[in-house]
Amino acid sequence: MNKTLLIFRHEFRHMIKRKAFIILTLIVPALILIGIGIFQLVSPGGPSVEATAIGYVDEAGGFDQSTSQGYIELVHFDALGDATAALINGGVSEYFVIPSDYLSTGVINRYTLKRQLEAPPAISAAIKNFLTSNMLADKVPPETVDRIEAPLSLVTTRLTETGEVATEQGGYGNVIIPAIFGLLLALSLQASSMYLIEGLGDEKESRLIEVLLSSVSPRQLLTGKVLGLGAAGLVQVAVWLISLPLLLNLASSTIGGFFSTIQLPANFLVLGIIYFILGYLLFAALSAGVGAISPSAREGQPLAMIYAMLVFVPLWFASLLFIFPDSPIWVVLTIFPLTAPVGVMLKLGVTGIADWELATSLSVIVLSIIGALFLSVKAFRVYLLMYGKRPSWGDIIRSLRTG
Amino acid sequence: MLAVEVSHIAKSFADKVVVNDLSFSVAQGEIFGLIGPNGAGKTTTIRMMMDIIKPDSGDVTILGEKLNEATKNRLGYLPEERGLYRKLKVLDSIVYLASLKGMNRHSAEEKADELLNRTGMLPHKAKKIEELSRGMGQIIQFIVSVIHDPELVVLDEPFAGLDPVNTELLKGMLADLRNQGKAIILSTHQMNQVEELCDRVLMINNGENVLYGDLGEIKARYRGNSVLLDFVGELGEVPGATGRRTHKSYTELMLDGKTTPQQVLAHLMGRGTVINRFEVATPSLNEIFLKEVGKKS
Chain A
25 MNKTLLIFRH EFRHMIKRKA FIILTLIVPA LILIGIGIFQ LVSPGGPSVE
75 ATAIGYVDEA GGFDQSTSQG YIELVHFDAL GDATAALING GVSEYFVIPS
125 DYLSTGVINR YTLKRQLEAP PAISAAIKNF LTSNMLADKV PPETVDRIEA
175 PLSLVTTRLT ETGEVATEQG GYGNVIIPAI FGLLLALSLQ ASSMYLIEGL
225 GDEKESRLIE VLLSSVSPRQ LLTGKVLGLG AAGLVQVAVW LISLPLLLNL
275 ASSTIGGFFS TIQLPANFLV LGIIYFILGY LLFAALSAGV GAISPSAREG
325 QPLAMIYAML VFVPLWFASL LFIFPDSPIW VVLTIFPLTA PVGVMLKLGV
375 TGIADWELAT SLSVIVLSII GALFLSVKAF RVYLLMYGKR PSWGDIIRSL
425 RTG
Chain B
4 MLAVEVSHIA KSFADKVVVN DLSFSVAQGE IFGLIGPNGA GKTTTIRMMM
54 DIIKPDSGDV TILGEKLNEA TKNRLGYLPE ERGLYRKLKV LDSIVYLASL
104 KGMNRHSAEE KADELLNRTG MLPHKAKKIE ELSRGMGQII QFIVSVIHDP
154 ELVVLDEPFA GLDPVNTELL KGMLADLRNQ GKAIILSTHQ MNQVEELCDR
204 VLMINNGENV LYGDLGEIKA RYRGNSVLLD FVGELGEVPG ATGRRTHKSY
254 TELMLDGKTT PQQVLAHLMG RGTVINRFEV ATPSLNEIFL KEVGKKS
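Going down the list, the protein sequences come from chains A and B.
Residues in the first sequence are numbered consecutively from 25, following the working numbering.
Residues in the second sequence are numbered consecutively from 4, following the working numbering.
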């Protein structure tokens, strides 16, 4: 068998048996599952939510209609003492007082046994709608009351340049898969970079590298390693992607609503695979270089963290992209090679990506891979046997120049 | 065909000359000693031979050609400081590294079993490398360097850290390899091992050739004109002896330029002296080395 293939097979098998790899592969679906569970627990609007009774004392007078607000039932008390007694014996979960000067001040006093940062949004909405309904009752038609309570339900339709309804309508449903994929991609790239540096560092520290190089060339060794770890990374992402629809399905059936709007942006799968491979090659080439100039994995990893952190930058700025999708920062993040894999995925989901931008991004990342690989192979050869001593940056630049 | 031909190689690291204009050759079927003190340039020379680092100048030919992928399959290498995949099992480590030398899995497993059995390591074949002692790890590494039946075996300090039993085991296996016509390069600073095993030697110091040639010839060249004697009773006057030096268990007789050791032996036998030991004094490799290095400095 070809020696590169042998190294590839060895690295792949070695990697998928590693505890750290198995844990990372399984922890992502597990975390999503936990996330769905937590969402269900804290979500107030779910179908499983029990009816809640809250009390009120009307000192202003006239607030006696619309006491059913969704699952919240408003119970009238004549006196403050009665309401407090009902709160303590569990008859109501909380109560509020509409003071006699409410109309002029707008102040509502709320009483609860729970310690909270602020009133839950569902409770605030129920009280607000109850107050509005009562104040407008008999003055305007019921439909108008409904509209005042919920004046806007914005339905946006995206048209193509020819005026037809576009097949891809956008919205948060469009960005959820690219955003999750971007996060997974970033995690996988970072983990793979660390594994590569760790593997090279171990082989250097144990001098195994000399035995390997007496059997294979540095090019075969590097190629086999990069491809082996890449395949393991691909398996990891595949496990995540296969579990994702199942988990989203579960989320959709339990949480409902928003998840049914999820759709994949055009070209997402093709570009996702292209950017995974290109991103992997770029990070692997950089990591091989760092592995070459570092005497051990311990010293190489902090160095690798510098560029491994950059892959997450588009995710840090994600909320900015939602608010200012046309910001020039996004052009930079989709073209700069270290942020491009995740940047392009996010932008693809939010606004789509212009052809020129995509072409520039792909060209820059391909050129970066070639450059990084060229320098890494040089550094690999020069510093491979440098044990226990890290060359200075001056040494590195000098030796790369002279080859 | 020569197993190794090294011609005028030189290597410097950051302006420090580590190997300077070194030339030597190694024939098939011989054990060749590459000797010198620590830091003499032995390991750098070997790494240049193995194409792990490139020489600044000079040429290396291995088994008649420049080192390439096919030639790499015909040589075995045991580096100075040994390491294997710590988490991998003994058999898996051997089979993987043998496969990189072009062996298929089946024959690698068969040969590994045979060598593990011979070295008494068979009961440990399912253990992880990290569970082995240092000496055991070294034996495994030695197996890795010879499992693919290489024509040239390069061993850098193979006896370092081995106990006497394993040292003898290794020596026996090296002798067998020589008898099979393999070329073996033994790099070490332990001169006594070289004297016992090697046919020819290259002695280097500060990256330069100090002595090179047949071990017997070198020792003959440095042989002094004296004999070592262990006898019973009084020795008396010995014709041709210009002086004597008494050591704890023997006496050294210095001879004049005209008298041979054979004449001295004949004289003593004729006189009926009881002799327990008679030896032509030959300096050890260590003494030769110290003498040569002293001369150069």
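Each hint should be verified, as a subset may be incorrect.
Below, in silico cross-link-like pairs of lysine-lysine (DSS-like), each with a Cα-Cα straight-line distance of 27 Å or less [unchecked claim]:
hint: 1; chain 1: A; residue 1: Lys41; chain 2: B; residue 2: Lys90
hint: 2; chain 1: B; residue 1: Lys114; chain 2: A; residue 2: Lys402
hint: 3; chain 1: B; residue 1: Lys57; chain 2: A; residue 2: Lys43
hint: 4; chain 1: B; residue 1: Lys128; chain 2: A; residue 2: Lys41
hint: 5; chain 1: A; residue 1: Lys43; chain 2: B; residue 2: Lys19
hint: 6; chain 1: B; residue 1: Lys114; chain 2: A; residue 2: Lys43
hint: 7; chain 1: A; residue 1: Lys43; chain 2: B; residue 2: Lys90
hint: 8; chain 1: B; residue 1: Lys131; chain 2: A; residue 2: Lys43
hint: 9; chain 1: B; residue 1: Lys131; chain 2: A; residue 2: Lys402
hint: 10; chain 1: A; residue 1: Lys41; chain 2: B; residue 2: Lys69
hint: 11; chain 1: B; residue 1: Lys114; chain 2: B; residue 2: Lys174
hint: 12; chain 1: A; residue 1: Lys41; chain 2: B; residue 2: Lys57
No lab work stands behind these hints: they were computed from the structure.
Computed from a prediction, not measured in an experiment: that's the story for all the values here.
Now for the hints, and whether the structure bears them out:
{"no.": "1", "hint": "Lys41/A with Lys90/B", "verdict": "11 Å, holds"}
{"no.": "2", "hint": "Lys114/B with Lys402/A", "verdict": "37 Å, violated"}
{"no.": "3", "hint": "Lys57/B with Lys43/A", "verdict": "38 Å, violated"}
{"no.": "4", "hint": "Lys128/B with Lys41/A", "verdict": "20 Å, holds"}
{"no.": "5", "hint": "Lys43/A with Lys19/B", "verdict": "44 Å, violated"}
{"no.": "6", "hint": "Lys114/B with Lys43/A", "verdict": "32 Å, violated"}
{"no.": "7", "hint": "Lys43/A with Lys90/B", "verdict": "12 Å, holds"}
{"no.": "8", "hint": "Lys131/B with Lys43/A", "verdict": "16 Å, holds"}
{"no.": "9", "hint": "Lys131/B with Lys402/A", "verdict": "34 Å, violated"}
{"no.": "10", "hint": "Lys41/A with Lys69/B", "verdict": "38 Å, violated"}
{"no.": "11", "hint": "Lys114/B with Lys174/B", "verdict": "20 Å, holds"}
{"no.": "12", "hint": "Lys41/A with Lys57/B", "verdict": "36 Å, violated"}
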